[in-house]
Amino acid sequence: MIQKADPRERPAYAHRTLGFGVPATSDPHHFLVQIPRGNAAPVLICEHLGMGSETVREQVIDRVLLPRHRWTAIRAEVQRAFNARLKEHDLATGTWKVGDNPVDRLLGKELCVLAWACERLDPEKIGSAVRNWLALRPEERWWLFGMTAMTAGGIGDADQGWRVALRYALGDTAQNEPLKPRTLVGKAGLGGQGTLPLFDD
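Just so we're on the same page, this note's numbering is the position in the sequence shown counted from 1, plus 945.
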């Protein structure tokens, strides 16, 4: 007699992913968070454009090099927020670890927005920046990434244009009320976009 597997032993996920929601396919567009060993080396966040062709060299853009103490200040809340989103869509959750941490292309954009805001922010204001970032809708974070990446999205652009604007926008005004997670409502969602493309099959 063949025994059926206990469904509690392994969750049934919508599809297989790596890290934080990266599709387990060949050369997808995604971000990498590179965490070195030790407690002092900075953390590199880079974007892999994933050309999807063996004949074209993969394009990689280094987005931000975050000092380690600043990464430590944001990592737990980012992991919690990303995993809550992944669980909502029946995808495996992720954990930050030493080495390369794959992050879905849209979550990676959202992470860059927070990292850019915190890279040269006064340390005592990082908590406010995280709370303000959590209060933004995913679509708002994507828009901020797009505007910043167009003109000041490189690793050496910390003191230019939108990078400075993000620092002030997220870091200077603290939230006065406890934040509650915000989700898209209904099939149409915000602006008629429907469900998040991040989680489409």
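I should point out that these hints are in silico values taken from the structure, not numbers from a laboratory. One thing to keep in mind: the hints can contain errors.
As the list claims (entries may be wrong) - Pair by pair, the computed Cβ-Cβ distance ranges are: (1) Q1105 with T1040: 17 to 25 Å; (2) E1084 with A1021: 31 to 39 Å; (3) T1096 with K1032: 31 to 39 Å; (4) Q1004 with A1029: 29 to 37 Å; (5) A969 with A1029: 36 to 44 Å; (6) A969 with I1006: 29 to 37 Å; (7) G1091 with H960: 35 to 43 Å; (8) G1044 with P1012: 29 to 37 Å; (9) H1014 with L994: 13 to 21 Å.
Even for Gly, the Cβ is constructed at its ideal location relative to N, Cα and C.
Structure-based check of each hint:
Judged by the Cβ atoms, the range 17 to 25 Å given for Q1105 and T1040 is violated: they are separated by roughly 33 Å. Here the CB-CB span from E1084 to A1021 is close to 24 Å, at odds with the stated 31 to 39 Å. Our hint of 31 to 39 Å for T1096 and K1032 holds, since their Cβ atoms are close to 35 Å apart. Taking 29 to 37 Å as the suggested C-beta distance range, the pair Q1004 and A1029 conforms, at roughly 31 Å.
Remark: the range hint 36 to 44 Å for A969 to A1029 is contradicted by a beta-carbon distance near 21 Å. Between A969 and I1006 the beta carbon distance is about 23 Å. The supplied range of 29 to 37 Å is therefore violated. Checked against the hint of 35 to 43 Å, the pair G1091 and H960 fails, with Cβ atoms roughly 26 Å apart. Restraint check, G1044 to P1012: a C-beta distance of roughly 19 Å breaks the suggested window 29 to 37 Å.
Checked against the hint of 13 to 21 Å, the C-beta distance between H1014 and L994 comes to roughly 30 Å, which is inconsistent with it.
Hints 1, 2, 5, 6, 7, 8, 9 from the earlier list are contradicted by this structure; the remaining hints agree with it.
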